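For this one, chain C is given, so just place chain W on it according to the hints.
Listed here are the chains, written in short residue letters.
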Amino acid sequence: MINMFEVKETNEMIEKENLDVRTITLGISLLDCIDSDVDRLCDNIFKKILRVAKDLVKTGEEISHDYGIPIVNKRISVTPIALIGASACKTVDDYVKIAITLDKAAKEVGVNLLGGYSALVSKGMTPSDELLIRSIPKALNSTERVCSSVNVGSTKTGIDMDAVRLMGSIIKETAEVTKDNDFPGCAKLVVFCNAPDDNPFMAGAFHGVTESDLIINVGVSGPGVVKKALEKVRGESFEVLCETIKKTAFKVTRVGQLVAREASRRLNVPFGIVDLSLAPTPAVGDSVADILCEIGLEYAGAPGTTAALALLNDQVKKGGVMASSYVGGLSGAFIPVSEDQGMINAVNANALTLEKLEAMTCVCSVGLDMIAIPGDTKDTTIAGIIADEMAIGMVNQKTTAVRLMPAIGKKVGDIIKMGGLFGDAPVMPVNPYSCDAFISRKGRIPAPIHSFKN
Amino acid sequence: MNKTIITVVGKDTVGIIAKTCTYLADNNINILDISQTIVNDYFNMMMIVDMSKASKKFGVISDELEELGKSIGVIIKCQQEEIFDSMHRI
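These protein sequences, in sequence, are chains C and W. Following our numbering, the numbering of the first sequence begins with 1 at its first residue and continues without gaps. Following our numbering, the numbering of the second sequence begins with 1001 at its first residue and continues without gaps.
Just chain C, with the same shape it has in the complex (with noise of 0.2 Å):
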């Protein structure tokens, strides 16, 4: 019978080291919706949307305030929306009108946010892809909820350099026109490279096409949970910090997988996978950074943060796989800038540059996420940025991705105000010289080969 220690510990986990669960997302195939006149393709998607995830919130919290545990999102995620608008949407205002649909149905049925309005792009673009990417500012600005993402690459096909091209100009567009918004569009843009199907975590959640009907997919979290571990560990040897992170994933995915076979089993739909992931938020005490701190470092980005994230990342996964039947997603630590106090304040210090952070994006889950670059940033030099990421993903055959936010208006030192799970972000400096002759060729960059490993 479980005893008063083990209970004792699960409660100061959620009570005082922020243990919760990060997001149940209710992935939703819109297949079925589409239809060659756009209203009609609206109403559809609306009423499958509201007929599928009514009780998707209300059950979120059902099973919050069964086991006492936070459940913090309760979000939805679509299939590209590219694919369902391809025989509707003849103009950019098109696509608009279902973005204006989505943020309509999210706002009914109580998520806070919906993704899937998305293009997948890595080998070429079809006209409703291009359609659909050059809507994306508007879209953005029309909508609240309403989440972005573009994969422009994977190690199969290589990186649509055109589709890379064309995201530099869309990011900055997208910053422009929703710069006197409370809350910068970019936030709500990912481009991708190597993007999952079943991914619960925003912005980059979609529902992809190869997934059933519905699915339920639950993100786990708990970056205090294993940074109060790790103090109990201090100057011991890497084995016993390896085990202790192992462990604590475990007991953390544990939860996760709970929540998630809770609430397929209510919602009566099939549980797709848990994302293993550590993700932080700007509450005190919720930070990756500061794992990487308690690990040994002065501050995230000193040397040694690759490696000490490399070692997190893969303890990380090797304890949460056992912890749950199905484990997919993003899975790894993450490493935004703007929801991590710990990361803020690494920037504050010039600690961490975007080359580090690079660097870091090799060896974890996503990439460089949730950076506020100055506004007079070229788009050439986004989308070399862009590049640059997708190269690590395509080569390494992982998920890499960019969340750029160029601060229009903004310098070096000042910071974009966001509040809530998406934090402040401080302008980091970007390398000043040119890549607008590598960025203007044509073409794609062809497929790396998978043998000569080095």
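Just so you know, the hints here were simulated from the structure itself, not pulled from any lab data. Since no wrong hints were added, every one of them can be taken at face value.
Okay, derived cross-link-like pairs now, DSSO-like style, lysine-lysine, Cα gap no bigger than 30 Å in a straight line:
{"hint": "1", "chain 1": "W", "residue 1": "K1070", "chain 2": "C", "residue 2": "K58"}
{"hint": "2", "chain 1": "C", "residue 1": "K8", "chain 2": "W", "residue 2": "K1011"}
{"hint": "3", "chain 1": "C", "residue 1": "K246", "chain 2": "W", "residue 2": "K1077"}
{"hint": "4", "chain 1": "C", "residue 1": "K8", "chain 2": "W", "residue 2": "K1056"}
{"hint": "5", "chain 1": "C", "residue 1": "K398", "chain 2": "C", "residue 2": "K123"}
{"hint": "6", "chain 1": "W", "residue 1": "K1057", "chain 2": "C", "residue 2": "K58"}
{"hint": "7", "chain 1": "C", "residue 1": "K232", "chain 2": "W", "residue 2": "K1077"}
{"hint": "8", "chain 1": "C", "residue 1": "K16", "chain 2": "W", "residue 2": "K1019"}
{"hint": "9", "chain 1": "W", "residue 1": "K1077", "chain 2": "C", "residue 2": "K228"}
{"hint": "10", "chain 1": "W", "residue 1": "K1053", "chain 2": "C", "residue 2": "K8"}
{"hint": "11", "chain 1": "C", "residue 1": "K417", "chain 2": "C", "residue 2": "K356"}
{"hint": "12", "chain 1": "W", "residue 1": "K1003", "chain 2": "C", "residue 2": "K246"}
{"hint": "13", "chain 1": "W", "residue 1": "K1053", "chain 2": "C", "residue 2": "K58"}
{"hint": "14", "chain 1": "C", "residue 1": "K90", "chain 2": "C", "residue 2": "K48"}
{"hint": "15", "chain 1": "W", "residue 1": "K1070", "chain 2": "C", "residue 2": "K16"}
{"hint": "16", "chain 1": "W", "residue 1": "K1019", "chain 2": "C", "residue 2": "K8"}
{"hint": "17", "chain 1": "W", "residue 1": "K1011", "chain 2": "C", "residue 2": "K16"}
{"hint": "18", "chain 1": "C", "residue 1": "K453", "chain 2": "C", "residue 2": "K123"}
{"hint": "19", "chain 1": "W", "residue 1": "K1057", "chain 2": "C", "residue 2": "K54"}
{"hint": "20", "chain 1": "W", "residue 1": "K1057", "chain 2": "C", "residue 2": "K16"}
{"hint": "21", "chain 1": "W", "residue 1": "K1070", "chain 2": "C", "residue 2": "K228"}
{"hint": "22", "chain 1": "W", "residue 1": "K1003", "chain 2": "C", "residue 2": "K8"}
{"hint": "23", "chain 1": "C", "residue 1": "K54", "chain 2": "W", "residue 2": "K1056"}
{"hint": "24", "chain 1": "C", "residue 1": "K8", "chain 2": "W", "residue 2": "K1057"}
{"hint": "25", "chain 1": "C", "residue 1": "K228", "chain 2": "W", "residue 2": "K1011"}
{"hint": "26", "chain 1": "W", "residue 1": "K1003", "chain 2": "C", "residue 2": "K16"}
{"hint": "27", "chain 1": "C", "residue 1": "K16", "chain 2": "W", "residue 2": "K1077"}
{"hint": "28", "chain 1": "W", "residue 1": "K1003", "chain 2": "C", "residue 2": "K58"}
As the structure is a prediction and not an experimental result, all values here were calculated from the model.
Frame of chain C; chain W shown alone:
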């Protein structure tokens, strides 16, 4: 069997157990196990109870116990057992 873990934490005072147990008895909830300690004047109790014959729904009992806790000056938390089982048992 519908096992629930009730934890009571707070400054020690007279009647914490009595009031909690009275509430449970009134609602037909059977206590299976109790462990309790006092550390630095702080009252710590964990109960394992069976709610399968309870006269109210879990959500209602959980809220009422929380309210009862507030009136005594302690924190009473009610959680279904699975979360602890999941975390601590393979």
